[in-house]
Each structure stands twice: as structure tokens, then as C-alpha cells.
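Listed below, chain by chain, are the residues.
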Amino acid sequence: GAGVSQSPSNKVTEKGKDVELRCDPISGHTALYWYRQSLGQGLEFLIYFQGNSAPDKSGLPSDRFSAERTGGSVSTLTIQRTQQEDSAVYLCASSPRTSGGRGGELFFGEGSRLTVL
Amino acid sequence: AQKVTQAQTEISVVEKEDVTLDCVYETRDTTYYLFWYKQPPSGELVFLIRRNSFDEQNEISGRYSWNFQKSTSSFNFTITASQVVDSAVYFCALSEARTNAGKSTFGDGTTLTVKP
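So the protein sequences, as listed, match chains A and B. Per this note's numbering, residue 193 is the first one in the first sequence, and the count goes up by one each step. Per this note's numbering, residue 4 is the first one in the second sequence, and the count goes up by one each step.
Extracted from the complex, chain A is given alone in its bound form:
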């Protein structure tokens, strides 16, 4: 597709359930990012994938959060045993290049709004 596609756009779940959020990046973009945006706040980096390199997981808030990227394209962010504080908009972004002093501009999807009751 032309842009970054995320699904579901909205997800309401009960505390303690697991959720999966999906991201389909722009074709040809080698880098994929997950960010989290809580109400009225800025964006918080979660995880980064670049090609076949090991992902940068330094932003994941707890071990309940994990992500994978299959075939260098689609990514899934999984939150296990969800808590109310996990409620936020989860944004996926892709970028055509991220190192060597170039690039870094992020192309975002519309986000997945997660509400944990």
C-alpha cells in the first residue's frame, strides 16, 4: 500500500487479556518502529527493527511487551496480561534509512487505540 497500515484501529479489552497489534510498513522501507502515545503526551519509543539486525528493544516498558517482524515486512506488537496503564495509541512507523548520517524521518500509520477496562 501507499502508507503504513495498522490494525485494528481500535481495540477494547479486559484487564489480563493478551492483545496483538499489527503493522504493515511502506514497501521498501527497511526500518520499522513502534511508538506509544498516551493521552495528552508525546510519543514514547518502544522498539525498532532494521533489516536482519537484532531489534532494539530498549523502550519496551516491561516483559509483557514483545514484538516481531516477519520476513522483514509485517510486524506484530503483543501485549500480554494487559493492564489499565497500557491504554494508549500504539503507533507504527517506517523509515527508508536510519544510519550513516542519513534519513530518520518517520512515516506513521494511523495507530491502534487500545483501551484496557
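The set of hints was computed from the structure by calculation and includes no laboratory data. Owing to the predicted nature of the structure, the values given are computational and were not obtained by experimental measurement. Accuracy of the hints is not assured; some may be wrong.
What the hints assert, rightly or not - A few chain B residues that face chain A, going by a derived Cβ cut-off under 7 Å, partial list only:
1) PRO43
2) GLU47
3) PHE50
4) ARG53
5) SER98
6) LYS106
C-beta atoms are modelled at their ideal positions from N, C-alpha and C, and glycine is treated no differently.
Given chain A, put chain B in place with the hints provided.
For chain B alone, coordinates are given in the frame of chain A:
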């Protein structure tokens, strides 16, 4: 550690007024990128500009202009002759350029409302 401060939480102007959104950053890196993103009411963040730390030349794009001043660690964004369509949340962001330019630290955003 990197930090981005957007001191203006909300700004309200009347159409055709000029408005400047402030951004102040902190970093120990000598090579870095600065960005501005726009998040309209529809929600999708849109990339506006990237600035390299070694390039302090100001940039103008239509009604938008950016003033990068390394001496004051600021990267301010001015909209000239604002329009209602400029109403959005604007985010300033900072990243380390050499290894992972997309791993950005974002400010909390400035909500701009342009009234007709």
C-alpha cells in the same frame, strides 16, 4: 540523555496571524537530527522537516519556516499567515544521527488552534 521541551502546551490564534512554536532540546551528541511533525485532528502524524546538527541554515517552505540556533539549542517553527487547516498538534523531535536516526525523543507537543 536526550530531552525535548515544547513549553507552549496550547496556542490559539486568529486566521492570518503569524505564530511561532518553540522547541528547545538537550543532547550530548555532537551529530543529531531535529524534526517537526504535524498531527491533525484525524490523528496521523505527518513528517514536516528534518534538520542536521551541522546545518544551521534556516529553511522556508511556503508559509512554514524553521529557525535552528545551535547556540541556544532551539529549533523553532513559524507559520506565516496561519489558516484553519493548520490547526493540529505539532511535535518537535530529536535523534542521534549516526546509528539510529529514527529513534527519536519527542516533545509533548503544542496544540495549535487557528480560528476563522
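Evaluated hints:
With a cut of 7 Å, the hint placing B/PRO43 at the interface with chain A is violated, because the nearest CB-to-CB distance is about 11 Å. At about 5 Å, the closest approach between the beta carbon of B/GLU47 and any beta carbon in chain A falls short of 7 Å, and the interface hint on this residue holds. A least Cβ separation of about 5 Å between B/PHE50 and chain A falls short of the 7 Å threshold, and the interface hint therefore holds. Look at B/ARG53: its Cβ gets to within about 5 Å of chain A, closer than 7 Å, so that hint holds up.
The restraint placing B/SER98 at the interface with chain A holds, with a minimum CB-CB distance near 5 Å, inside the 7 Å limit. Annotation: interface hint on B/LYS106 holds; nearest CB of chain A at approximately 6 Å, less than 7 Å.
Taken one by one, the earlier hints fail for this structure only at number 1.
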